[in-house]
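Given the sequences, and given the hints that come with them, work out the whole structure.
Keeping their order, the protein sequence lines are chains A and B. The opening position of the first sequence corresponds to residue 1 in my numbering, with each subsequent residue numbered one higher. The opening position of the second sequence corresponds to residue 1 in my numbering, with each subsequent residue numbered one higher.
Quick caveat, the hints were computed from the structure, so don't treat them as lab data. Just so you know, not all the hints are guaranteed correct.
Stated by the list, open to error - Pulled from the structure, derived: some chain A residues nowhere near chain B, Cβ distances all over 10 Å:
#: 1; residue: ARG45
#: 2; residue: GLU52
#: 3; residue: SER105
#: 4; residue: SER124
#: 5; residue: LEU149
#: 6; residue: THR251
What the hints assert, rightly or not - For each label pair, taking beta carbons as the anchor points, the in silico distance ranges come out as:
#: 7; chain 1: B; residue 1: ALA117; chain 2: A; residue 2: PHE63; range: 43 to 53 Å
#: 8; chain 1: A; residue 1: MET194; chain 2: B; residue 2: ARG119; range: 29 to 39 Å
#: 9; chain 1: A; residue 1: GLN83; chain 2: B; residue 2: ALA117; range: 30 to 40 Å
#: 10; chain 1: A; residue 1: ASP264; chain 2: B; residue 2: SER118; range: 38 to 48 Å
#: 11; chain 1: B; residue 1: SER118; chain 2: A; residue 2: GLU78; range: 44 to 54 Å
#: 12; chain 1: A; residue 1: SER205; chain 2: B; residue 2: SER123; range: 52 to 62 Å
#: 13; chain 1: A; residue 1: ALA244; chain 2: B; residue 2: ALA117; range: 25 to 35 Å
#: 14; chain 1: A; residue 1: ALA141; chain 2: B; residue 2: LYS127; range: 45 to 55 Å
#: 15; chain 1: B; residue 1: LYS59; chain 2: A; residue 2: ARG163; range: 22 to 32 Å
Only a predicted model underlies this, so the values are computations on that prediction, with no experimental measurement involved. Yeah, the Cβ is synthetic: ideal placement off N, Cα and C, and Gly gets one too.
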Amino acid sequence: MPNTFAWQGFSISLPQDWDPTNFSGDRATGFARISSAGATQLQIRWQSFKKEPEPEAVLARYFKQIHRESSRRKTSVETESKQTDIGLEYHWNGAESARGCVIVSKVSRRLFFLEISSAKGKASLATFREVLGSFLDNGDALPDCWSLLGLSVSLPKQAILKRSVLLSGKLQLHWTAHRAVLSAGRTSFGRELMGKMNLSEWAKSIAPKGTVVECEHGVRIESIRRAIGRTVSSSTIAKFDENANKLVYATAMFRDPIWRPEWDWLN
Amino acid sequence: MGLAQLISRFRLNPPALALHQLQVSRNQVVEELVKDDGIVVLSCPVAVQSGAFGKLARKMGREDRKEYELEPIGAFVWNRISGKVSATSLVSALQREFKLSRIEAETSLAAFLQMLASRGLISLKVKKK
Numbered sequence: 001m002p003n004t005f006a007w008q009g010f011s012i013s014l015p016q017d018w019d020p021t022n023f024s025g026d027r028a029t030g031f032a033r034i035s036s037a038g039a040t041q042l043q044i045r046w047q048s049f050k051k052e053p054e055p056e057a058v059l060a061r062y063f064k065q066i067h068r069e070s071s072r073r074k075t076s077v078e079t080e081s082k083q084t085d086i087g088l089e090y091h092w093n094g095a096e097s098a099r100g101c102v103i104v105s106k107v108s109r110r111l112f113f114l115e116i117s118s119a120k121g122k123a124s125l126a127t128f129r130e131v132l133g134s135f136l137d138n139g140d141a142l143p144d145c146w147s148l149l150g151l152s153v154s155l156p157k158q159a160i161l162k163r164s165v166l167l168s169g170k171l172q173l174h175w176t177a178h179r180a181v182l183s184a185g186r187t188s189f190g191r192e193l194m195g196k197m198n199l200s201e202w203a204k205s206i207a208p209k210g211t212v213v214e215c216e217h218g219v220r221i222e223s224i225r226r227a228i229g230r231t232v233s234s235s236t237i238a239k240f241d242e243n244a245n246k247l248v249y250a251t252a253m254f255r256d257p258i259w260r261p262e263w264d265w266l267n
Numbered sequence: 001m002g003l004a005q006l007i008s009r010f011r012l013n014p015p016a017l018a019l020h021q022l023q024v025s026r027n028q029v030v031e032e033l034v035k036d037d038g039i040v041v042l043s044c045p046v047a048v049q050s051g052a053f054g055k056l057a058r059k060m061g062r063e064d065r066k067e068y069e070l071e072p073i074g075a076f077v078w079n080r081i082s083g084k085v086s087a088t089s090l091v092s093a094l095q096r097e098f099k100l101s102r103i104e105a106e107t108s109l110a111a112f113l114q115m116l117a118s119r120g121l122i123s124l125k126v127k128k129k
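Shown next, in the form of structure tokens:
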């Protein structure tokens with residue numbers, strides 16, 4: 001099973017035991033950290049720009065910081081960089097070592113910093129090449145994909161991520177879009193949970209009100225609330241993926257029917 | 001008591017407990033009883049109380065034991081702790097059996113092992129390099 005991390009309009013394939021542990025920001029500016037089982041970690045930073053930046057100047061500023069930090073720690077650091085098809089690749093070796101790349105993406109007009117850091121001399125070039133080669137900036141292309149830790153959601157239009165909840169065994173993402181509020185989530189231990197309750201009961205814990213309809217994919221719960229001058233619909237789909245032992249759901253409160261969750265949202 | 005109670009309670013962060021250096025072994029004085037529904041009941045002697053209540057308990061011949069119930073997921077981990085096992089092998093077993101991601105398995109297991117250790121049911125030892 002590929003381990004894809006898709007976030008804020010970009011995606012990257014990761015080695016199997018690498019998992020995202022920390023992220024912040026939005027589509028314009030942000031940060032994500034992905035940790036491996038060992039000491040290696042991948043950091044991705046992105047920032048939107050109006051005037052296209054010079055990657056060499058950006059990297060020179062970063063190297064200056066690295067040198068300043070290492071002289072403070074009284075250690076030496078070696079740096080090198082080289083322009084490739086993907087971007088400006090660099091390598092520094094000091095108390096720790098890292099391989100990275102500065103990518104100026106014209107698709108979304110964002111500057112990306114990808115860096116794999118590890119213990120001294122252990123930043124593997126092969127892993128770095130593999131990860132970097134899989135990096136893709138989708139920009140505003142649709143569907144808008146979000147994928148991490150076994151949850152993979154394809155939204156029909158761009159939405160703004162408002163909140164993410166990463167707990168052991170439970171993951172939730174919450175977005176807002178024009179006239180819609182959306183959420184998607186994944187719960188581990190699906191088999192064990194299904195031993196205690198059925199899928200409809202579990203789906204009802206997400207969407208307590210509405211008509212429950214069982215279908216071949218899973219369960220859909222829908223309700224319509226009419227207020228003066230407007231109608232707000234809510235729809236929730238939930239399914240049990242037995243092979244991956246997980247329960248996934250997507251739920252939305254919307255006025256525009258494009259935001260009614262469809263089964264192909266949950267890949 | 002068990003992993004199920006720990007699910008959804010811990011933020012996914014690499015655990016502070018260095019799992020790759022950890023060896024886990026059962027406390028030899030712990031007795032176990034396996035129920036039909038997969039629940040394991042562990043019984044462990046509590047520390048002898050001092051003072052009047054301790055004296056009274058000893059006089060009455062009351063065995064001071066405390067019982068803990070492990071639900072099936074917790075029991076799954078407990079059953080794999082035989083002799084000395086590495087925490088990494090427990091992480092792999094959890095990942096395989098419950099299809100968890102590495103970070104999820106590590107976070108839950110670290111919390112669970114700390115809970116078992118704090119109740120004196122297991123001992124945790126840091127492996128020498």
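Hint by hint, here is what the structure shows:
With a cut of 10 Å on Cβ distances, ARG45(A) stays outside the contact zone with chain B, its closest approach being about 19 Å. Listed as a non-interface residue, GLU52(A) keeps its Cβ farther than 10 Å from every Cβ of chain B; the least gap is roughly 36 Å. No beta-carbon of chain B is positioned within 10 Å of the beta-carbon of SER105(A); the least distance is around 28 Å. With a cut of 10 Å on Cβ distances, SER124(A) stays outside the contact zone with chain B, its closest approach being about 18 Å.
With a least CB separation of 5 Å from chain B, LEU149(A) falls inside the 10 Å interface cut-off, contrary to its annotation. The beta carbon of THR251(A) is kept farther than 10 Å from every beta carbon of chain B, the shortest such distance being approximately 17 Å. For the hinted restraint 43 to 53 Å between ALA117(B) and PHE63(A), the CB-CB distance of approximately 45 Å keeps it satisfied. A hinted range of 29 to 39 Å for the beta carbons of MET194(A) and ARG119(B) is consistent with their spacing of about 30 Å.
Range check, GLN83(A) to ALA117(B): about 53 Å between beta-carbon atoms, so the 30 to 40 Å window is missed. The hint said 38 to 48 Å for the Cβ distance between ASP264(A) and SER118(B), and at roughly 46 Å that hint holds. A hinted range of 44 to 54 Å for the beta carbons of SER118(B) and GLU78(A) is consistent with their spacing of about 46 Å. Evaluation of the 52 to 62 Å hint for SER205(A) and SER123(B) yields a failure: the beta carbon distance comes to about 38 Å.
Look at ALA244(A) against ALA117(B): about 31 Å separates their beta carbons, and that is inside 25 to 35 Å. Hint check: ALA141(A) to LYS127(B), Cβ distance near 48 Å, so the stated range 45 to 55 Å holds. At about 59 Å, the CB distance of LYS59(B) to ARG163(A) disagrees with the hint of 22 to 32 Å.
Checked against the numbered hints above, the structure violates hints 5, 9, 12, 15; every other hint is satisfied.
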